[in-house]
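S.K.: Single-letter residue listing:
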Amino acid sequence: MKSVGLAFEQAPAAAVPLRFLLTAPWFLALAGLVLVFGGADALASRWTPALLAVTHLVTLGFMSMVMIGALFQLLPVVAGAPVRGAQWVAGIVHPALTAGTLSLAAGFLLGSFWALRAAAALLALAFAVFIAAAGAALLRSTVRDPSVQAMRLALIALIVTVALGLSLAAALGWRVSVPLLGITAQHAAWGLAGWTVLLAIGVALQVVPMFQLTPSYPKAVASFLAPGLFIALAGWSVAFWLGWTAVAATLGVLVALLVGAFAIATLVLQHRSRRRHDNPTFLTWRAGMLGLLLAAAVWIGRDGLDTVAANRAAVLLGVLFLAGFAASVIAGMLYNIVPFLLWIDLRRRAHGRVPHMKQILPDTPARTHAWLHGASLAALVAAALWPAWLVPVAGVLVVSANALLGTILLQATLNARRVAPAST
Amino acid sequence: MSDREPLDVRWLEPPEPFERIVAALEGLPAGETLTVMIHREPQPLFRWLTREGWRYSTRYDPAGYFEIRINR
Numbered sequence: 001m002k003s004v005g006l007a008f009e010q011a012p013a014a015a016v017p018l019r020f021l022l023t024a025p026w027f028l029a030l031a032g033l034v035l036v037f038g039g040a041d042a043l044a045s046r047w048t049p050a051l052l053a054v055t056h057l058v059t060l061g062f063m064s065m066v067m068i069g070a071l072f073q074l075l076p077v078v079a080g081a082p083v084r085g086a087q088w089v090a091g092i093v094h095p096a097l098t099a100g101t102l103s104l105a106a107g108f109l110l111g112s113f114w115a116l117r118a119a120a121a122l123l124a125l126a127f128a129v130f131i132a133a134a135g136a137a138l139l140r141s142t143v144r145d146p147s148v149q150a151m152r153l154a155l156i157a158l159i160v161t162v163a164l165g166l167s168l169a170a171a172l173g174w175r176v177s178v179p180l181l182g183i184t185a186q187h188a189a190w191g192l193a194g195w196t197v198l199l200a201i202g203v204a205l206q207v208v209p210m211f212q213l214t215p216s217y218p219k220a221v222a223s224f225l226a227p228g229l230f231i232a233l234a235g236w237s238v239a240f241w242l243g244w245t246a247v248a249a250t251l252g253v254l255v256a257l258l259v260g261a262f263a264i265a266t267l268v269l270q271h272r273s274r275r276r277h278d279n280p281t282f283l284t285w286r287a288g289m290l291g292l293l294l295a296a297a298v299w300i301g302r303d304g305l306d307t308v309a310a311n312r313a314a315v316l317l318g319v320l321f322l323a324g325f326a327a328s329v330i331a332g333m334l335y336n337i338v339p340f341l342l343w344i345d346l347r348r349r350a351h352g353r354v355p356h357m358k359q360i361l362p363d364t365p366a367r368t369h370a371w372l373h374g375a376s377l378a379a380l381v382a383a384a385l386w387p388a389w390l391v392p393v394a395g396v397l398v399v400s401a402n403a404l405l406g407t408i409l410l411q412a413t414l415n416a417r418r419v420a421p422a423s424t
Numbered sequence: 001m002s003d004r005e006p007l008d009v010r011w012l013e014p015p016e017p018f019e020r021i022v023a024a025l026e027g028l029p030a031g032e033t034l035t036v037m038i039h040r041e042p043q044p045l046f047r048w049l050t051r052e053g054w055r056y057s058t059r060y061d062p063a064g065y066f067e068i069r070i071n072r
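In order, the protein sequences belong to chains A and B.
Just so you know, we're using our numbering here: the first sequence kicks off at 1 and counts up by one.
Just so you know, we're using our numbering here: the second sequence kicks off at 1 and counts up by one.
Calculated from the structure, these hints are not laboratory results.
Even for Gly, the Cβ is constructed at its ideal location relative to N, Cα and C.
Some hints here could point you the wrong way.
Chain B stretches covered by chain A per the calculated footprint, using a threshold of three residues with CB under 8 Å from any CB of chain A [as the list claims (entries may be wrong)]:
#	region
1	27-39
2	43-50
Taking lysine to any residue and the SDA-like style, the derived pairs with C-alpha atoms no more than 20 Å apart in a straight line are [to be verified]:
#	chain 1	residue 1	chain 2	residue 2
3	A	358	B	13
4	A	358	B	64
5	A	219	B	64
6	A	219	A	271
7	A	219	B	40
8	A	358	A	278
9	A	358	B	16
10	A	219	A	298
11	A	358	A	219
12	A	358	B	69
13	A	358	A	348
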């Protein structure tokens with residue numbers, strides 16, 4: 001089994017990706033707080049202010065935060081193209097993304113135009129700087145690898161998502177008239193099936209065989225899944241805008257099938273994992289792939305539902321994708337990536353005195369988090385179907401699980417720092 | 001005696017294979033060869049070996065693993 005030439009010696013100082021990875025869980029905890037205090041409203045419909053706030057705390061504050069942080073590590077190590085001036089780029093992107101996301105959530109919750117305008121400006125800054133820096137690195141990369149290809153496509157999807165998102169923020173903040181429903185549908189699709197799933201594919205191609213000790217993904221999956229998904233998504237987009245409903249519906253189903261294929265391919269690989277099947281990463285990724293599969297099924301099956309049911313389906317879809325898929329696989333990845341990048345950093349700075357990985361991030365707290373996350377997921381799915389009193393319960397579980405995750409990652413960083421104080 | 005027990009790091013999670021190989025090399029008497037059995041071809045290890053002045057050769061065993069022989 002040939003491994004890609006992972007260039008760990010090109011990795012940036014750990015502080016660059018770490019600040020993003022360590023911040024992220026707290027945004028998810030914040031989303032949980034909104035659920036606790038928002039009550040049934042928070043999951044009643046995708047258009048309530050509370051759910052809009054929750055959605056963006058999750059997609060921007062947690063998901064994009066982790067994905068951007070991970071790319072600072074992946075671009076040099078997998079694509080052989082470090083981000084130039086990474087310290088400066090991270091120094092701008094991290095605060096702008098943090099403040100922008102908080103502003104956006106406040107804007108939704110308080111109905112404040114100023115908060116929405118500030119959010120638009122801050123998020124535009126954060127993404128413009130990141131996309132320019134990451135884009136330049138990807139253009140520079142000469143590595144021919146399906147992971148790198150998937151990353152390129154993910155970045156293009158991010159550009160589309162951000163452009164649409166900024167137009168929505170501008171519409172709300174400056175009362176400009178835009179086709180809200182259409183743009184929102186496109187924004188969500190490009191953000192979830194595009195930016196998130198495409199990057200997940202790129203990352204999975206590396207981390208699943210590497211950390212879960214499985215065979216490599218089959219060549220057909222590795223080479224064609226990401227490009228196929230991108231083309232289907234782009235096709236759906238065009239058909240959507242042109243009003244070709246039948247074509248759009250078909251391509252939409254194709255997108256869901258390809259997403260489902262990724263989930264199934266990963267589950268099959270996991271089945272052949274040489275690690276014990278009860279380790280935290282395995283459990284969270286299995287849950288993540290099942291969540292993704294269910295989300296794809298709900299997407300396909302939601303046509304022909306009456307308005308009330310269609311609304312429930314939309315909320316359920318969001319819960320399955322964001323909490324079921326994204327939060328699960330990100331947690332699983334964080335259990336591996338954070339101690340690993342701390343280890344690489346320590347090797348460079350501390351030479352002989354590198355602690356064992358399990359001393360940096362032990363299994364037991366990670367496993368506790370995995371189960372707590374599972375409980376929060378079950379509560380969220382139940383709450384999506386029958387909101388009312390279940391929403392605050394789910395919220396409390398989300399807050400607990402993510403406060404724990406945030407603490408675990410912080411503790412791992414402190415464990416590593418104890419061996420060799422950071423130079424930054 | 002220049003043939004010792006091969007170091008079997010197959011199916012260990014990263015970075016344990018790397019850690020064990022480096023530890024074994026540190027204790028390797030001069031003139032001896034370390035033989036390693038590993039499930040994935042470790043390009044990052046090869047780059048480290050070259051930087052540290054080790055020589056190595058790899059072959060794929062049909063039983064489904066790579067055998068690496070390392071010496072100075």
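S.K.: Compare the structure with each hint and give your call.
M.R.: Taking the hints in turn, this is what the structure says about them:
Check on the region 27-39 of chain B: 1 of its residues sit with their Cβ under 8 Å from a Cβ of chain A, so the three-residue criterion for coverage is violated. Restraint check on the region 43-50 of chain B versus chain A: 3 residues with Cβ-Cβ distances below 8 Å, three needed, restraint holds. Our distance criterion of 20 Å between C-alpha atoms is met by residue 358 of chain A and residue 13 of chain B, whose separation comes to about 11 Å. Restraint check: the Cα-Cα separation between residue 358 of chain A and residue 64 of chain B comes to about 28 Å, which exceeds 20 Å; the hinted pair is violated.
Taking the CA atoms of residue 219 of chain A and residue 64 of chain B, the gap is about 18 Å. The hint holds against a cut of 20 Å. Note on residue 219 of chain A and residue 271 of chain A: the hinted pairing holds, with a Cα-Cα distance of about 18 Å set against a maximum of 20 Å. With a C-alpha separation of about 17 Å, the suggested pair residue 219 of chain A and residue 40 of chain B falls inside the 20 Å cut-off, and the hint holds. Note on residue 358 of chain A and residue 278 of chain A: the hinted pairing holds, with a Cα-Cα distance of about 16 Å set against a maximum of 20 Å.
Between residue 358 of chain A and residue 16 of chain B, the direct Cα distance comes to roughly 10 Å. Compliance with the 20 Å bound is thereby established for this hinted pair. Distance hint between residue 219 of chain A and residue 298 of chain A is unfulfilled; the C-alpha atoms sit about 28 Å from each other, more than 20 Å. Between residue 358 of chain A and residue 219 of chain A the CA atoms are separated by roughly 33 Å; this puts the pair beyond 20 Å, and the hint is violated. Between residue 358 of chain A and residue 69 of chain B the alpha-carbon distance is near 28 Å, which puts this suggested pair outside the 20 Å criterion.
At roughly 19 Å between alpha-carbon atoms, residue 358 of chain A and residue 348 of chain A fall within 20 Å of each other, so this suggested pair holds.
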